[in-house]
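Start from the sequences, fold in the hints, and give me the full structure.
Residue numbering for the sequence shown is -21 to -1, 1 to 383, as defined by mature numbering (1 follows the signal peptide of the UniProt record, and there is no 0).
Derived by calculation from the structure, the hints in this document are not laboratory data.
Don't take every hint at face value.
[To be verified] Cβ pair distances, simulated, as ranges: (1) ARG120 <-> GLN234: 42 to 52 Å; (2) ASP8 <-> ASP51: 40 to 50 Å; (3) GLU6 <-> THR80: 27 to 37 Å; (4) ASP8 <-> ARG231: 44 to 54 Å; (5) GLU14 <-> ASN205: 39 to 49 Å; (6) SER236 <-> ASN318: 23 to 33 Å.
[Unchecked claim] Simulated crosslink set (EDC-like; lysine to aspartate or glutamate; CA at most 16 Å straight-line): (7) LYS292 <-> ASP59; (8) LYS16 <-> GLU150; (9) LYS7 <-> ASP59; (10) LYS16 <-> GLU151; (11) LYS165 <-> ASP131; (12) LYS110 <-> GLU122; (13) LYS263 <-> ASP342.
A virtual CB, placed ideally from N, CA and C, is assigned to each residue, including glycine.
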Amino acid sequence: MSKFIVILYVVCLAASGFVNGSIIKKEKDQIRVFELKKGDLTLKVTNWGATLISLLLPDKYGKLGDIVLGYDSPKAYTNDTQYFGATVGRVANRIGGAQFTLNGIHYKLIANEGNNTLHGGPRGFSDVLWKVIKYQRDGDRPEIKFSYHSFDGEEGFPGDLLVTVSYILSEESSLSIVMKAKALNKATPVSLVNHAYWNLGNHNSGNILNQVVQIFGSKFTPVDDNLIPTGNFSSVQGTPYDFRKPQVVGSRIDQLSKTNGYDINYVLDNDEDEIRVAAIVTDKRSGRVMKIATNQPGLQFYTANYVKNEKGKDGFVYQPRSALCLETQAFPDSVNHPNFPSTIVTPRKPYNHLLFFKFSTTDAPPGFSELCWSKRSGPIPERSRNLALEKRESSSSFENRESF
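This is the structure:
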């Protein structure tokens, strides 16, 4: 009798594996690449993980180059362990102990980094097929909008969640990413990020140690040995994390031997929920400049420390420190730290993450003031005030257009 049960169990397990394998194969057959184009900027995304796979734009000499790391084949992203360009969720970054308590109920998640949950679990939003609900390749406002229904219990998270991600080229040399989520029946934590790996010199130009970064954050959230926030806040003053003034990435990176580079969350300056400048990156060799603004409270700065011998586009092999990740986000492990900004979404309180990129070159007018949303700068010139006003107005109308 026991032998029969064992045989039956093995048969059922094999059948289950066959079904799951068939589902995954069916999803892979539906993977597509979509292109957006406006002016000199060409963007490519895939419906697997709502992933940014290519961003092509000219350098200061007019030569086009792809500035995000990734793979040649869209199907290669189904085996991606680096989260290249992916939309990460339901909760990005780490949740300590793969557990949390919400409204008196204890939830145990699926751990996928030691005892912790990283980037939503072993099959988070980066590892699912998204539905395309809007697509306009070019014209005045090229846009693609993805949607995904995350069901109650996925990776251990409570409640059904409707998620949308939009990539929009609304202005010349600009990219907007809008990530929204609506809880359908239960309260749940939500924190989405775009996990693009940026190298302004081109994806295959080697390390980013000579690129210059400025981060508008005067504090960071220190972590323990497992990279889980302690719940405290520390000043960047006198530490390798101080990028309040532009700094060459490689100037102090070797002081961070524990993580082999930067992998830390910054507390962005300015008031909560306001659009604020988060970071500016400059590559002097190509002349490319990237400026980032967001409504999120945090920014994860990561220098691809764990990317090793990763075969990418054009056969190029990526190595540690070959890119920068600048992930606008809620603070890691917020669900376990009441003093952190809340990540809890309810049917009456949706999630809305706005992310703006402006690209330029050093020999062209920036057209995007790094001081527009910074109260630390004191009086702002009239031109910058006008830019800030225009940006806020466009952000407001943009948000209305993107509502569920």
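Outcome of the hint check:
1. ARG120 <-> GLN234: 42 to 52 Å: Since ARG120 and GLN234 have Cβ atoms about 44 Å apart, the given range 42 to 52 Å holds.
2. ASP8 <-> ASP51: 40 to 50 Å: Since ASP8 and ASP51 have Cβ atoms about 18 Å apart, the given range 40 to 50 Å is violated.
3. GLU6 <-> THR80: 27 to 37 Å: holds, 33 Å
4. ASP8 <-> ARG231: 44 to 54 Å: holds, 47 Å
5. GLU14 <-> ASN205: 39 to 49 Å: Given a distance of about 40 Å, which is inside 39 to 49 Å, the answer is holds.
6. SER236 <-> ASN318: 23 to 33 Å: holds, 29 Å
7. LYS292 <-> ASP59: Within the cut-off at roughly 13 Å; holds.
8. LYS16 <-> GLU150: At roughly 11 Å apart (the allowed maximum being 16 Å), GLU150 and LYS16 satisfy the hint.
9. LYS7 <-> ASP59: Holds: LYS7 and ASP59 sit about 13 Å apart, inside 16 Å.
10. LYS16 <-> GLU151: Measuring from Cα to Cα gives roughly 10 Å; hence the hint holds.
11. LYS165 <-> ASP131: holds, 9 Å
12. LYS110 <-> GLU122: holds, 14 Å
13. LYS263 <-> ASP342: Distance ~11 Å between LYS263 and ASP342 Cα, so the pair holds.
Going through the hint list in order, the structure does not satisfy hint 2, though it satisfies all others.
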